[in-house]
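> What follows is the residue order along each chain.
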Amino acid sequence: MTARKEFLLSLYRKMLLIRLVEEAIADRYHEQEMRCPVHLSIGQEGAASGACQHLLATDVVSSAHRSHAHYLAKGGSVRAMLAELYGKAAGCAGGRGGSMHLLDLDAGVLPCLPIIGTSISTGVGAAFSFKQRKQNSVSMIFMGDAAVEEGIFHEAANFSSIKSLPVVFVCENNFYSVCTPLEVRQPQRPITELAQAHELHTAHADGNDGLAVQAIAKDAIDLARNGEGPSFLLLDTYRMREHCGPMFDQETGYRTDEEYNEWLEKCPIMRHFSILKNEINWTTVDDKAFCQAIRDEIDAAFNFAINAPFPAQETAGLHVYAK
Amino acid sequence: MPNDNRTITFAEAICEATDFCLNEDPSVYLIGLGVSDPGAIFGTTRGLYQRYGDERIVEMPTSESALTGVAIGSAVLGQRPIMTHQRVEFSLFAFENIINTAAKMRYTTNGKLSVPIVIRLIVGRGWGQGPCHAQSLESVFGHIPGLNVVMPTTAHDAKGMLISAVKDDDPTIFIEHRWLHSTTGHVPKDGYEVPLDQTRTVSTGDDITIVASSLMTLEAMLVAQVLGEVEIGVDLIDLRSVRPLDMSQIHISVAKTGRLLCVDSGWTTYGVGGEIIARLAESGSDIFRTPPRRMGMADYPSPSTRALISEYYPFPDQILAQCLEVLQLPASQNDAAKSAMEELQKNRRVDVPNADFSGPF
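Note that the protein sequences, when read in sequence, are chains A and B. Letter by letter, the first sequence follows residues 1 to 323 in the numbering used here. Letter by letter, the second sequence follows residues 324 to 684 in the numbering used here.
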């Protein structure tokens with residue numbers, strides 16, 4: 001396999017893994033066994049996958065409530081994630097956190113924190129520790145368009161700037177905070193201008209174009225690793241399912257069919273598939289086998305999670321304190 | 324130890340503890356607005372910037388919310404930050420990170436990660452500081468599982484408990500009363516640890532138990548002294564830690580005296596004294612010989628003018644009055660105690676920590 005083909009397929013694999021995991025969660029959610037809120041990333045796979053493509057195992061990512069894509073793109077364990085959603089002891093947080101508290105320390109996924117803006121500050125703190133401990137690692141922080149409305153973003157961006165910390169802020173703009181559209185929450189100016197005011201390097205890309213995302217992310221990661229300070233990447237994307245839950249929500253009327261269908265056409269997976277077709281003669285037969293291998297892995301992870309034991313009631317009060 | 328009788332201030336003790344930890348462990352750093360400024364956080368950080376430089380003594384932007392998250396994020400990956408705010412109230416911007424992130428990290432990671440952070444919060448009082456610079460919020464922090472909440476009284480405990488807090492793997496809210504900074508005590512020069520989970524018995528007696536913390540312990544000591552002069556014995560217990568709450572000595576003491584007065588540094592409603600009384604009541608209905616009492620700040624914000632604060636804080640004469648109501652002594656003993664207190668407090672002004680104090684904060 002050529003290096004280019006390997007690269008394109010590894011990016012594709014990340015996107016597909018996210019899509020297929022999320023669809024499987026949506027398909028099984030009605031069984032009432034994953035009894036925690038889920039904020040699915042369907043539609044936003046290109047942004048997460050592209051951003052993580054050039055991170056090293058020693059780099060870390062932070063995220064918030066909609067974190068499945070980031071966790072999976074950074075290499076988090078599918079089994080531990082699904083077991084967490086099922087509330088099992090083998091879950092990445094032992095069933096104590098649910099979907100909004102994913103972590104995988106081996107993969108460099110710091111604990112996701114579900115209150116908007118919080119993990120921006122702790123992610124900058126991770127970068128501060130890298131600088132203090134002279135570790136050449138990068139802290140990538142995923143956030144949404146709503147997070148720039150929080151004061152903590154500006155405080156964290158300011159600190160990362162004055163200390164020239166190895167941070168990459170990745171702002172996925174999906175145009176809604178829950179169901180409230182961007183234009184009623186913020187003035188009509190590019191979000192990148194906020195970051196520029198803090199003297200962050202900025203770049204803007206189509207978040208549903210995984211190749212475009214990985215290109216600007218690579219530049220930002222290189223800057224961070226070379227001690228040239230933090231960057232802010234703005235990625236336009238779109239959430240295809242409801243804010244929280246497995247369903248589509250078109251009937252509720254907060255977004256138009258026209259807008260929705262436009263983004264359906266911009267599906268990051270379909271887009272990458274056509275790149276593969278053009279560049280490496282990828283066929284539907286290749287694709288079917290490729291998808292099936294991922295599906296098999298996901299099915300095995302579901303079986304593991306479903307059959308795993310629950311934590312014992314007597315463990316509920318453990319780990320409040322170290323001793 | 325040969326240097327055990329050396330006398331230094333509470334503020335110097337805090338500084339020595341910080342110096343000890345910085346010197347001992349390269350992962351310790353100090354962060355706060357003013358840690359390297361001329362005031363040096365009321366002298367508690369003096370000289371540290373010159374000794375350790377700006378990588379270890381970190382001036383911070385006025386961003387309490389995010390910088391608490393930064394300190395937490397660094398602590399998760401192995402650093403041991405000491406964060407300092409010049410007033411308790413400045414930390415209120417960081418409640419989200421303190422309650423949701425620091426206090427829950429160990430729990431929500433199933434024991435994989437901890438947040439060894441110390442947040443020093445200073446309680447103001449007097450010289451007109453007013454409603455937003457003079458709050459003692461230990462019961463608010465004490466409500467949260469996952470936090471240690473301590474409030475030492477003596478210079479000795481300040482040094483030993485700060486060192487323990489830095490070494491502890493869990494987040495510690497370290498509450499210092501501004502009026503304690505200038506008090507002095509015997510403090511060993513070397514580093515030492517004082518446990519974060521134990522009360523300290525200040526005086527012993529059979530007649531009444533007083534549980535106090537921080538500055539209120541010093542006020543209660545005057546009451547114990549005066550009652551001693553009329554042959555009434557006071558078990559005075561310095562709480563030292565609000566969370567965890569060490570009930571062992573309190574329980575033994577009240578079982579002996581049957582009488583209890585809790586003197587809180589904060590408001591009484593949902594306060595520390597209420598929690599102590601509830602726990603004793605739960606342990607058995609016959610422990611109290613007389614109904615337990617609690618005191619604290621009056622149930623309104625702290626006014627700025629000195630004209631309005633003489634009933635705001637529990638002053639020694641008011642603490643004494645509560646004790647006398649509980650004790651029901653003969654009139655002669657009662658009056659003798661009151662006179663002794665009047666004599667002791669005759670030169671006291673309500674809005675300054677000591678006669679030398681001339682403002683502003």
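Worth flagging that the hints you see were computed from the coordinates, not collected in a lab. Keep in mind that the hints are not guaranteed to be accurate.
[What the hints assert, rightly or not] Which chain B residues stay away from chain A? Per the calculated CB distances, all over 12 Å, these:
| # | residue |
| --- | --- |
| 1 | D342 |
| 2 | Y352 |
| 3 | I354 |
| 4 | E387 |
| 5 | F416 |
| 6 | I422 |
| 7 | A426 |
| 8 | S437 |
| 9 | T522 |
| 10 | L545 |
| 11 | Y593 |
| 12 | R629 |
| 13 | D640 |
| 14 | L667 |
| 15 | D674 |
[Said to hold, decoys possible] Listed below are the simulated BS3-like cross-link pairs for lysine-lysine, each with C-alpha atoms no more than 30 Å apart in a straight line:
| # | chain 1 | residue 1 | chain 2 | residue 2 |
| --- | --- | --- | --- | --- |
| 16 | B | K435 | A | K323 |
| 17 | B | K512 | A | K218 |
| 18 | A | K218 | A | K266 |
| 19 | B | K661 | A | K323 |
| 20 | A | K266 | A | K5 |
| 21 | A | K134 | B | K661 |
| 22 | B | K435 | B | K512 |
| 23 | B | K490 | A | K131 |
| 24 | A | K134 | B | K579 |
| 25 | A | K134 | A | K163 |
| 26 | A | K131 | B | K579 |
| 27 | A | K218 | A | K5 |
| 28 | B | K512 | B | K490 |
| 29 | B | K579 | A | K163 |
| 30 | B | K490 | A | K163 |
| 31 | B | K579 | B | K669 |
Note that beta-carbon positions come from the ideal geometry of N, C-alpha and C, so glycine has one too.
> Does each hint fit the structure? Answer for all of them.
Status of the hints after comparison with the structure:
1. D342: 18 Å, holds
2. Y352: 7 Å, violated
3. I354: 9 Å, violated
4. E387: Violated, because the least Cβ-Cβ distance between E387 (chain B) and chain A comes to about 8 Å, which does not exceed 12 Å.
5. F416: 8 Å, violated
6. I422: 10 Å, violated
7. A426: 9 Å, violated
8. S437: With a cut-off of 12 Å, S437 (chain B) comes too close to chain A, as the shortest Cβ separation is near 5 Å.
9. T522: 19 Å, holds
10. L545: At about 36 Å from chain A, L545 (chain B) clears the 12 Å cut-off, so the statement holds.
11. Y593: 21 Å, holds
12. R629: Check passes; 36 Å lies beyond 12 Å.
13. D640: 40 Å, holds
14. L667: 42 Å, holds
15. D674: Correct as stated: the minimum Cβ-Cβ distance to chain A is 34 Å, above 12 Å.
16. B:K435 to A:K323: Status holds; Cα separation ~13 Å.
17. B:K512 to A:K218: 52 Å, violated
18. A:K218 to A:K266: 23 Å, holds
19. B:K661 to A:K323: 47 Å, violated
20. A:K266 to A:K5: 22 Å, holds
21. A:K134 to B:K661: 63 Å, violated
22. B:K435 to B:K512: Distance ~36 Å between K435 (chain B) and K512 (chain B) Cα, so the pair is violated.
23. B:K490 to A:K131: 22 Å, holds
24. A:K134 to B:K579: At roughly 58 Å apart (the allowed maximum being 30 Å), K579 (chain B) and K134 (chain A) break the hint.
25. A:K134 to A:K163: Between K134 (chain A) and K163 (chain A) the Cα gap is close to 14 Å, so the pair holds against 30 Å.
26. A:K131 to B:K579: 56 Å, violated
27. A:K218 to A:K5: 18 Å, holds
28. B:K512 to B:K490: 18 Å, holds
29. B:K579 to A:K163: Violated, at roughly 58 Å.
30. B:K490 to A:K163: Holds: K490 (chain B) and K163 (chain A) sit about 27 Å apart, inside 30 Å.
31. B:K579 to B:K669: 34 Å, violated
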